[in-house]
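S.K.: Residue-level listing of the chains:
Protein chains: 2
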Amino acid sequence: MKKQIDVMGSGLIGSLVSIYLAKRGHEVNLFERRVDMRKNRISAGRSINLALSDRGFRGLAGAGLQDAIREIAIPMYGRQIHHMDGSQSFQPYGKEGQAIYSVSRGGINMRLMELADQYPNIKIHFEHRCVEVDPKSAKAKVLNEASGEVVERTPDIVIGADGAFSPVRHSLQTKTDRFDYSQTYIESGYKELVIPPDANGGFQMEKTALHIWPRKSFMLIALPNLDGSFTCTLFLPFEGEVSFSKLNTDQEITAFMQEYFADALPMMPGYLEDWHANPTSSLSIVRCNPWNYKDKVCLIGDAAHAIVPFYGQGMNCGFEDCVVLDELMESLGDDNWTEVFNNFSRLRKPNGDAVAQLALDNFIEMRDKTGDPKFLLRKQIESRISKENPSFLSLYAQVTFSPHISYAQAYQAGQRHDHYLNELASIEQVMDKWNTPEVQSIIRDLLSAE
Amino acid sequence: MKKQIDVMGSGLIGSLVSIYLAKRGHEVNLFERRVDMRKNRISAGRSINLALSDRGFRGLAGAGLQDAIREIAIPMYGRQIHHMDGSQSFQPYGKEGQAIYSVSRGGINMRLMELADQYPNIKIHFEHRCVEVDPKSAKAKVLNEASGEVVERTPDIVIGADGAFSPVRHSLQTKTDRFDYSQTYIESGYKELVIPPDANGGFQMEKTALHIWPRKSFMLIALPNLDGSFTCTLFLPFEGEVSFSKLNTDQEITAFMQEYFADALPMMPGYLEDWHANPTSSLSIVRCNPWNYKDKVCLIGDAAHAIVPFYGQGMNCGFEDCVVLDELMESLGDDNWTEVFNNFSRLRKPNGDAVAQLALDNFIEMRDKTGDPKFLLRKQIESRISKENPSFLSLYAQVTFSPHISYAQAYQAGQRHDHYLNELASIEQVMDKWNTPEVQSIIRDLLSAE
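Top to bottom, those sequences are chains L and U.
Read in my numbering, the first sequence has 342 at position 342, and its numbers run on one by one without any break.
Read in my numbering, the second sequence has 301 at position 301, and its numbers run on one by one without any break.
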């Protein structure tokens, strides 16, 4: 039976889930608190560039959109590490040809909105902010930001795709019993800076890599854009010896950038303007349970599981949510929304929790370990095992390139790998002893545990 | 300097903290969403009886109120266990004369309000519900429930003593950056029942004990009231084999009560009426950080740290909050509210976390272990060590009878004790081997770790 469905939020996930719902013939009203970003360029400064990987492509493919999006994406084949001494090294993400794809949040969002607009049964309402939802009835109050009028909506279903600060989730938190909820901030914040194109409109650094300046307790990263620029993000603690709280004057900021990012600074002539113009933003993890209220309300994407950006999986996880929801609608039928949403919450929640933890762990890996000889040795060991045993998938490969393995399964595998890789790395001259019974027996144990 | 302070919530903690503030000369307006319970008897059914212990008395003593409250309290010297086979046993809480004190939530709250009313600089506004606070300015919106009018308040400081569902905390959650918050529900809920006085107005069971019917995954408890009745609370999972979800008809309820609480049932003639009249309430744990916003807003009591009721420490912890806050006002001065509140949050938060965990752990102890021979052996060992070493304080004694030891310290001690007590309990015939070197050496280790 065709339903009236209000989707709150026309961000990445809201746009994609609307398309999935429209394909099934439902009547979708999509409410977005901002203006149409396709008409009024929305200022940047809060939009970490995104890295699309195989889970995200799977989410897009279910709606036939993977090619449309690949057109606006730049492949990054590995991490380009910028060391303190000015030297660089390259760490491939996967096998030959495997990459993650840099996309601008605005660019992919506008493309998804255009695709949504092609469905006659999707109507996008800009400048309409969801204020609250009554979970028992799915009645919703939506504020028309332009007129100040509150629109009373009476859809059959509300989908909350309204992001980390979701008003829909907030209604579940405050209006239903036994809703578990947590928001946790990490000690670091971030600030966006820019490396513009060179005088000829070309890239100032290697285009097909994700650049990292790992500095133990903080880091700078840079992702390429189609116009030749790089979007840079500085992740730094709010408080402490080296922190945002110590960087207030232009002199302090310049001295900091020169000390830690000497090779990047000459490429970012506008760093002081960017510093002052862009906010210092916080980073939080949101967990909740359940993700639905009966057949009336369902959360998806960041609204259900906001995570830190360090595994590049926020958007990918959200796109995967969409295709999993679609598969449940397919298998359970369109008349059984309580079952669809209950199953969606039950199936996806452990994966949301797993990717939240993976993302936290990866912050430490990126900022601290990518410059660490022990870590590099472990990577070398892992890579040799992968090469000699093509069926072995590293944690990174499972998360990034293996959508058929769930985040929760990948997380478990990562815990197992840690154990064996640490054991191998603790053997002196392990690479030279590779074919000894000692080393081979540990590798056999690792492989047989898969 | 004297301040205008709005205290939200005239529950136990709001009333007591108002008295502390009034004693220091501040102008206190106390807003309470309910009617004056002294004039209009508020229905029971959601008020687990409370057990006042030494930390609570310390909190009252700082304001000179301990004797006024002791008058309306009934000492309970131990747990009276009602086994499945109808037999009973008694487990003392502490040494000769040590007790926790049963008080009715309504009774103690009314007494505290009366005491607050004696201060000319405390004004209580009933039927005034705090809607929201602006943390930056301490401006507050308070809804007059009778007239429907919203009162705009502009105090210097807002104290949120507004309980587990605190609107003040909610304003911190939604209007400040980097506020950590979680609400977690446990799988069990509760329902209040009553054992009325006997025909002569006397108690139907031993008056000076906390009665427990431990039934592994659930339990019934009963606390004495001044009028000869007992307030009973059934704690039971919401879902599962034996759960509230399976108890819908009178037949199902009666069969359940007869099977598990055969000795209690004859004393509760109105159990079916109570069952239907009283709600099945959920139990949640609330954690947040920080507890204040600068010198403008501070949370206290359940608003900062709602816990499950199984250690009988919710009110005690809240009363202790009040005296700790008072001590900080004394030591840091009345002009330094940012420091007072920052220190209050920093000092109390670890204790709030510790008591939350202790309360969760104690649910398992009460419902499951109080009937378990291994647990009873451990208790026997612990009690003999206490007797032979008067300076040794068990975890229970530290939490309940030792306000000079913080909850966090007590929790740590409990973890240490667990280790040694388990070791001792695993020795066969340990009580007979008490004076052997094996046993005595473990006891020495336990004592020297204190």
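Check before you lean on any hint, since a few could be wrong.
A pair counts as met if it fits within one copy or between any two copies, since identical chains are not told apart.
Said to hold, decoys possible - Below are the DSS-like pairs computed for lysine-lysine, each with C-alpha atoms no more than 25 Å apart in a straight line:
1. Lys349 <-> Lys123
2. Lys123 <-> Lys39
3. Lys246 <-> Lys387
4. Lys246 <-> Lys136
5. Lys379 <-> Lys141
6. Lys369 <-> Lys379
7. Lys141 <-> Lys349
Derived by calculation from the structure, the hints in this document are not laboratory data.
All figures in this text were calculated on a predicted structure; none of them were measured in a lab.
S.K.: Next step is simple, just say for each hint if it's right about the structure.
M.R.: Here is how each hint holds up against the structure:
1. Lys349 <-> Lys123: Neither: 29 Å inside a chain and 48 Å across chains, both beyond 25 Å.
2. Lys123 <-> Lys39: Within. Shortest intra-copy distance 17 Å satisfies the 25 Å Cα cut-off; inter-copy 55 Å does not.
3. Lys246 <-> Lys387: neither (46 Å within a copy, 56 Å between copies)
4. Lys246 <-> Lys136: So lysine 246 and lysine 136 pass the 25 Å test across copies only (23 Å; inside, 49 Å).
5. Lys379 <-> Lys141: Neither: 52 Å inside a chain and 57 Å across chains, both beyond 25 Å.
6. Lys369 <-> Lys379: Result: close within a single copy only, 11 Å intra versus 48 Å inter.
7. Lys141 <-> Lys349: neither (27 Å within a copy, 37 Å between copies)
Of the numbered hints stated above, those contradicted by the structure are hints 1, 3, 5 and 7, listed in ascending order.
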